[in-house]
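**Student:** Chains A and B supply the protein sequences, listed in that same order.
Residue numbering for the first sequence follows the numbering used here, beginning at 6 and increasing consecutively.
Residue numbering for the second sequence follows the numbering used here, beginning at 1318 and increasing consecutively.
Incorrect hints may appear among the rest.
[Said to hold, decoys possible] Output of the computed footprint for chain A on chain B, the stretches with three or more beta carbons under 8 Å from beta carbons of chain A:
| id | stretch |
| --- | --- |
| 1 | 1363-1373 |
| 2 | 1392-1398 |
| 3 | 1415-1422 |
Calculated from the structure, these hints are not laboratory results.
Bear in mind the structure is a predicted one, so any value in this text is a computation, not a measurement.
In this text, a Cβ means the ideal position worked out from N, Cα and C, and glycines have one as well.
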Amino acid sequence: DAMVIQNPRYQVTQFGKPVTLSCSQTLNHNVMYWYQQKSSQAPKLLFHYYDKDFNNEADTPDNFQSRRPNTSFCFLDIRSPGLGDAAMYLCATSRDGNRGNEQFFGPGTRLTVL
Amino acid sequence: GESVGLHLPTLSVQEGDNSIINCAYSNSASDYFIWYKQESGKGPQFIIDIRSNMDKRQGQRVTVLLNKTVKHLSLQIAATQPGDSAVYFCAENSGAQKLVFGQGTRLTINP
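This is chain A alone, in the form it adopts within the complex (with noise of 0.2 Å):
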C-alpha cells in the first residue's frame, strides 16, 4: 500500500549528540513536510519542501535542519538537541498542497533527549 514511512519509531540521543530522523513515501507527492508534536498539543510546522524548494517557518530553531535528496526520501536533522527537543516528529506528505489535498501523515518518531 503507498503510504509515509517514518524510521525509526523510537529514537534515543543525549543532550547535544546530532540525530537524524527519516521520512519516505510511496506516494509520489510533491510537498513533504516536518511537524514537531509534544504532548497533548496540536503538531507544529517546522518546514516544508514542495518539491526541491525549502520552506521554513520563520519561529523555527536554527537547530532543525532538513535535507530532501529525491522526491521519495526527507530527513529531519537535529544539530544539538536539547531536552525541550523530546517530542513526536511527524513526518507528512501532500500532492501539491493546495486546497482540497490533505495531508498524509506518517505514525511518527518519538525523540527521547537523556
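Mind docking chain B on chain A? Use the hints.
**Tutor:** Okay, now just chain B, sitting in the frame of chain A:
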C-alpha cells in the same frame, strides 16, 4: 493572524451516544477545513473535509457542519464506539501548502 481553536479540551460520552466536537477559526478567508483523528502513538488520520461553499458534509458515521457566519465548525460522530477514542484536531488549509491546526479535543468513550 490566523488561528484555529477548539472549545473543549476533553469530552466523555457513553458508548452508542452521539458526540459533537467543536472548533472555531478566526480567519474569515479560510475556505477549506479538515478533521483529523489521532490515536495514541500514531500520526493524525484524515476523517473528513469541507469546503466553504458547503454547510454540511457527511461521511460514514461522521458529519461536519460549517457555519461561516460565526466562523465555527463541528464534527459529529454518530453511535460512538470504543475505537472512536482519540484526540480530534480541526485544521485549516491556509494556502501556501500549509495546515493550521487547532489545539485538539480528547474524546473518551465510556462503556
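**Student:** Confirm or reject each hint.
**Tutor:** Comparing the hints with the structure gives:
no.: 1; hint: 1363-1373; result: holds (count 3)
no.: 2; hint: 1392-1398; result: violated (count 0)
no.: 3; hint: 1415-1422; result: holds (count 6)
Violated hint for the displayed structure: number 2, the only one.
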